[in-house]
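Novice: If you're matching them up, the sequences are chains A and B in order. First residue of the first sequence? That's -3 in the numbering used here, and the numbers climb one at a time after it. First residue of the second sequence? That's 327 in the numbering used here, and the numbers climb one at a time after it.
Think of the hints as simulated: they come from the structure by calculation, not from any bench. Fair warning: there could be bad hints in the mix.
[As the list claims (entries may be wrong)] Taking lysine to aspartate or glutamate pairs in the DMTMM-like style, the calculated list, with each CA pair at most 20 angstroms apart, reads:
id : chain 1 : residue 1 : chain 2 : residue 2
1  : A       : LYS389    : B       : GLU668
2  : A       : LYS328    : A       : ASP161
3  : A       : LYS389    : B       : ASP389
4  : B       : LYS354    : B       : GLU540
[What the hints assert, rightly or not] So, partial list: chain B residues that the calculated Cβ filter (under 8 angstroms) puts toward chain A:
id : residue
5  : TYR393
6  : ASP427
7  : ARG440
8  : ALA442
9  : PHE444
10 : THR455
11 : ARG539
12 : PHE616
13 : CYS618
14 : SER628
15 : TYR632
16 : SER651
17 : ASP662
18 : LEU686
The model shown is predicted, which means the values in this text are computed figures rather than measured ones. Beta carbons: idealized from backbone N, C-alpha and C, even for Gly.
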Amino acid sequence: MSELRRAQKSLETVRRAKEMLGTFYRRQERRREGAPLAWCMAGVSSELLYAFDLPWEWPENFGTLCAAKQVATRFCEQAEADGFSQDLCSYLRNNVGYVSRAVELGATPPEAPGGGMGTPTMLLGSGSICDPRIKWFQALSSTYLPIPVFHIDPMSPPHDVDPRDPRIAAHYTELLRETVQDQVAFLERQTGRRLDLGRLRAALANAQEMIALLWEIQELRRAVPCPMGSEDFFTGAVVPLLFMLGEPEATEYFRCLRDEVRDRVARGVGVIPDERYRFLWMGLPPWYNLGFFNAVGELGAVFPIETVYYVGAPVEIDLSDPLEALVERSWKRATWIHDWGAEVIPENCSPSGFSAPGTRLIRQWVKDYRLDGAVMHRTRSCRAVSWGQVHIKNQLAEEGVPSLIFESDMADPRSWSQSVIMGQVRGFLGAVEASKREAARA
Amino acid sequence: MALTGLARARALYEARDDRARELKAQGKRIVGYLCYFAPPEILEAAGLVPYRIRGDIRERVTDADQYVEPYGCPFVRNTFDQAVKGRYDFLDGVVMAHSCDSVQRMYGIWTHYRPAAFTHMVNVPHTVTPASERFFHRELGLFKERVEAFAGAPIDDRALEASIALYNRTRELVWELYQLRKSNPPLISGAEMLEVLIAGGGLPAAEFEELLREVTAEVTSRPDGPGAKRARLLFYGCINDDVTLIRLIEETSAHVVMDDTCIGARSFLGRVTNGGDPLAGFVRYYFTGFQCPRTYRGTDRSRFDYLIHAARQFQAQGVVLYMLSFCDPHKLDLVDVRRYLEDAGLPSLVLEDDYTLTNLESMRTRIQAFVEMVA
């Protein structure tokens, strides 16, 4: 296990994330005895939960935390012993194993990081991104936690259906609107409170500002040397983006992050001192070994852009009807993503703030981010995010851009092999170096 | 002499695309479909020939690896591998449905690398709600329009009603054949039944109807049907479009008397409501009532009541749970379904496979032990 290490963060703001995003990291303080607590999946609108003043926690994020703290294996094994296949998502197995163990002990498992998760009174799922997410809370509720479950279920048009066709737009937004309305009705029943539209409007306004700041940061990352690498993105941007969208402190955090990145660009400060290679990162990161990015950095490579948790360009929305604004934002983002080629991305119409970039956008990034290649993490237990890497590799090859695909997992460290993977990375760097030399001679 | 009945079914099963190629040579347009959410009745009513895309469990996936990941539904990868190798070059169109991640994502890859004259994906929500039913109804309307545009003419209401009636007749005939599996020994074996159903996937519905009538006549009159065996089993799980495994079970002295798979009871039992709004009938049959685990139907284990009912109806003593690698929907139901079966007094055996059946001998041993236990 000693080969697994935590990321060395480059940015001061990211180093201060836990302090600046205190209400997330001190989530125990959010829980109230006997009051509702939701477990949520990415894809659920944080703004809506904020508007209900409903405390919420995220099993997927807990999976990344357990992975980083090297306890995910324990929980995954527990789930496997209960009959859940090792093929299944390691976030899911981690969560199921955690719950199974908590039920067995009648208490929070002592090895659970951060004091574990709060006991939920409802499960809020989402049909976007992948199949296991629609089945996960079903299995959790039927086997361990008999509490109410609600899934939002928006759909996205396939790559060859034009979302700008008004009939298509009406077809998809009607489902989106209805599923969000059903979710509101569910939350009103579960919390005994009416949706506070003023609070939702404020949260959406905050989210709009945060998304604009993130877009600015992503644009700044084009600079050479790269001011912010994937290690800082994954450790510093994912939590506020996925789980705190709409909360004032998350917006403020992103403002500080933007300021720091902008300052670095102005001063020509990069993540690593001698930047020789710039790579696209594709796939989920190995959360139990984010130090991998530093290890690759020590070889002169930096990752200025990632395909996961991609937010894209901000879209304008009319906040006069905040619920409709949520629908409008989701659909406009889905349309923007779709415009860039959606043949291998998962469903991208989601009330949350992120998706995956289209194929043509990735080809465009080669120029925008001056990429020398792509490094792709094929995660055995997350086919939804890994699927399409071979296609993207083919697409990049048409641009003369090489790619490395290596295999492991996002939360289950049993599939990580440091020597094999670093050997593959070194070999890839050698090939990239040779091709750069050849290009320079030509 | 032309083959009839079970012999014809076997020949069609073995030479899976011969009839489709013949029809193609006669000027018919053939539309392949993966999974069962896009109603073939609509294709047939438009004068097209629906063809259920199969994998080939005996063919190793090789060429597809240039375009898709190794981790993914092995059945879907196998079908695409065959498309890459040109085995589906007789298809004028390809229709897929958002039945699961694998098919949804394969649609983009397939249409990118192997474009066809007509391609379409029917989107399917994950949960059964009034809103999702309305969405699926609209989605089927869009599918019908695309089919009409490809066929070059609107689908006449009467033609659609006739197509639904024809498909319903085939379902009734399939159900009649299933009823013949209730006796002990059954009059038709599980392997024979699967051959008939797979053969039907490559035929126009009228020809399938004729085949079913021949098979029914044959099995009800033959003196030498399946002999006595030690146990009666229900076969549940992932897609199984090859009879090898069912044959293996039946060689191991157990009848496969009922199934819950998508080339089986899930697709062929019940009927589409005809008359009135045909799309509403399709919504009920292909979405609301279609028992694919990819659809969320609440958390109560009573969602598997239909399975217990089927086991009781066909006097199954145990259930084989067939799981393909990376099938998230089925594998996430597995814990629940096993416990529910156990509570109902039905033992179960999990058989895992990667759509190669390379571990047949170890499966044989496990099946033998299971049969010993339930017999």
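Novice: Let's test the interface hint: is any C-beta of chain A closer than 8 angstroms to that of B:SER628?
Specialist: 10 angstroms, violated
Novice: So, B:TYR632 near chain A? Judge it on the closest CB pair being under 8 angstroms.
Specialist: 16 angstroms, violated
Novice: Taking the closest Cβ pair, is B:THR455 under 8 angstroms from chain A?
Specialist: Hint on B:THR455: holds, closest Cβ of chain A at ~7 angstroms, below 8 angstroms.
Novice: Measuring from the C-beta of B:SER651 to each C-beta in chain A, is the shortest one below 8 angstroms?
Specialist: Holds. Min distance 6 angstroms.
Novice: Between B:LYS354 and B:GLU540, does the CA-CA distance stay at or below 20 angstroms?
Specialist: Violated, at roughly 25 angstroms.
Novice: Identify whether the interface hint at B:PHE616 stands, where standing means a beta carbon of chain A within less than 8 angstroms of its own.
Specialist: Violated, about 15 angstroms.
Novice: Given the hint that A:LYS389 pairs with B:ASP389, does the C-alpha gap stay at or below 20 angstroms?
Specialist: Answer holds: A:LYS389 to B:ASP389 is near 16 angstroms, not above 20 angstroms.
Novice: Let's test the interface hint: is any C-beta of chain A closer than 8 angstroms to that of B:ARG440?
Specialist: 13 angstroms, violated
Novice: Please verify that hint: B:ASP662, Cβ, nearest Cβ of chain A, below 8 angstroms or not.
Specialist: Since chain A brings a Cβ to about 5 angstroms from B:ASP662, closer than 8 angstroms, the hint holds.
Novice: Checking hints one by one. Is B:CYS618 an interface residue toward chain A, by the C-beta closer than 8 angstroms rule?
Specialist: Interface hint status for B:CYS618: violated (11 angstroms vs cutoff 8 angstroms).
Novice: Are B:ARG539 and chain A close enough, Cβ to Cβ, to be under 8 angstroms, as the hint says?
Specialist: 39 angstroms, violated
Novice: Run the distance test for A:LYS328 versus A:ASP161: straight-line Cα separation, threshold 20 angstroms.
Specialist: 13 angstroms, holds
Going through the hint list in order, the structure does not satisfy hints 1, 4, 7, 8, 9, 11, 12, 13, 14, 15 and 18.
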